[in-house]
Amino acid sequence: MGHEPLPPLVVMGVSGCGKSTLGSLLSDRLGLPFQDGDDLHPAANKTKMGAGIPLDDNDRRPWLEEIGRSLRQSQDAGEPLIIACSALKRSYRDLLRQHAPDVVFVHLTGDRETLLARMNARDHEFMPSSLLDSQLGTLEPLASDEKHVLADFSLDPPLLVDAICGQLQH
Numbered sequence: 000m001g002h003e004p005l006p007p008l009v010v011m012g013v014s015g016c017g018k019s020t021l022g023s024l025l026s027d028r029l030g031l032p033f034q035d036g037d038d039l040h041p042a043a044n045k046t047k048m049g050a051g052i053p054l055d056d057n058d059r060r061p062w063l064e065e066i067g068r069s070l071r072q073s074q075d076a077g078e079p080l081i082i083a084c085s086a087l088k089r090s091y092r093d094l095l096r097q098h099a100p101d102v103v104f105v106h107l108t109g110d111r112e113t114l115l116a117r118m119n120a121r122d123h124e125f126m127p128s129s130l131l132d133s134q135l136g137t138l139e140p141l142a143s144d145e146k147h148v149l150a151d152f153s154l155d156p157p158l159l160v161d162a163i164c165g166q167l168q169h
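Mapping of the sequence shown onto numbering that gives the first Met the number 0: position 46 corresponds to residue 45, and the numbering continues sequentially without gaps.
Bear in mind the hints are in silico, worked out from the structure with no lab data behind them.
Treat the hints with care, as some may be off.
In silico SDA-like cross-links for lysine to any residue, where the CA-CA straight-line distance does not exceed 20 Å [what the hints assert, rightly or not]: (1) 146 - 108; (2) 88 - 147; (3) 88 - 4; (4) 88 - 140; (5) 146 - 89; (6) 47 - 35; (7) 88 - 98.
Because the structure is a prediction, the values reported are computed rather than measured.
Please take these sequences and the hints and turn them into a complete structure.
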């Protein structure tokens, strides 16, 4: 937006916040490619989560490395990627920034009750609602040195996209 090329974007937050939906809508609005980070999980991670077992940092590292490489490659190709990725911990975001230092995190925030209702209303391949509290407990707030936009996922998606795009311009 403006005269500066857009950086890669990571639409982040816990399960049920709308990362994939918003990432796709942002992709349409900004004319950038979108990738759902869930598609990059190794099969073993999907199996573990599907059984209701939270991933540990060792499980996540190869997945985050793959996401980081995708962000870097897209930026190098001149088509910054928008990717949906929970990016719950500072250390995960730091790893992504090692690959793509200009990345901006779009953090979708809101209340637990809405998240739980959304998760219970959908059929997700490997993320049962029983893992929500684990994710909320793992989530570390973004720090001032992490380029980010905060966005309330309770807004209607078109309004949320407008709000995010407005913040990206500043």
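### Query
Holds or violated: are the alpha carbons of residue 88 and residue 4 at most 20 Å from each other?
Distance ~27 Å between residue 88 and residue 4 Cα, so the pair is violated.
### Query
When you check the alpha-carbon spacing of residue 146 and residue 89, does it fall within 20 Å?
holds (12 Å)
### Query
For the pair supplied as a hint, residue 88 and residue 98, is the alpha-carbon distance within the 20 Å limit?
holds (16 Å)
### Task
Assess, step by step, whether the Cα of residue 88 is no farther than 20 Å from the Cα of residue 147, and give holds or violated.
The given pair, whose Cα atoms are some 14 Å apart, holds under the 20 Å limit.
### Query
Straight-line Cα separation of residue 47 and residue 35 no greater than 20 Å?
holds (19 Å)
### Query
Regarding the pair residue 146 and residue 108, is the alpha-carbon distance no greater than 20 Å?
The hint holds at about 16 Å.
#### Entry: Agreement of residue 88 and residue 140 with the hint, judged by alpha carbon distance not exceeding 20 Å
Given pair residue 88, residue 140 holds - Cα atoms ~8 Å apart, limit 20 Å.
The structure does not agree with numbered hint 3 stated previously, though it agrees with all others.
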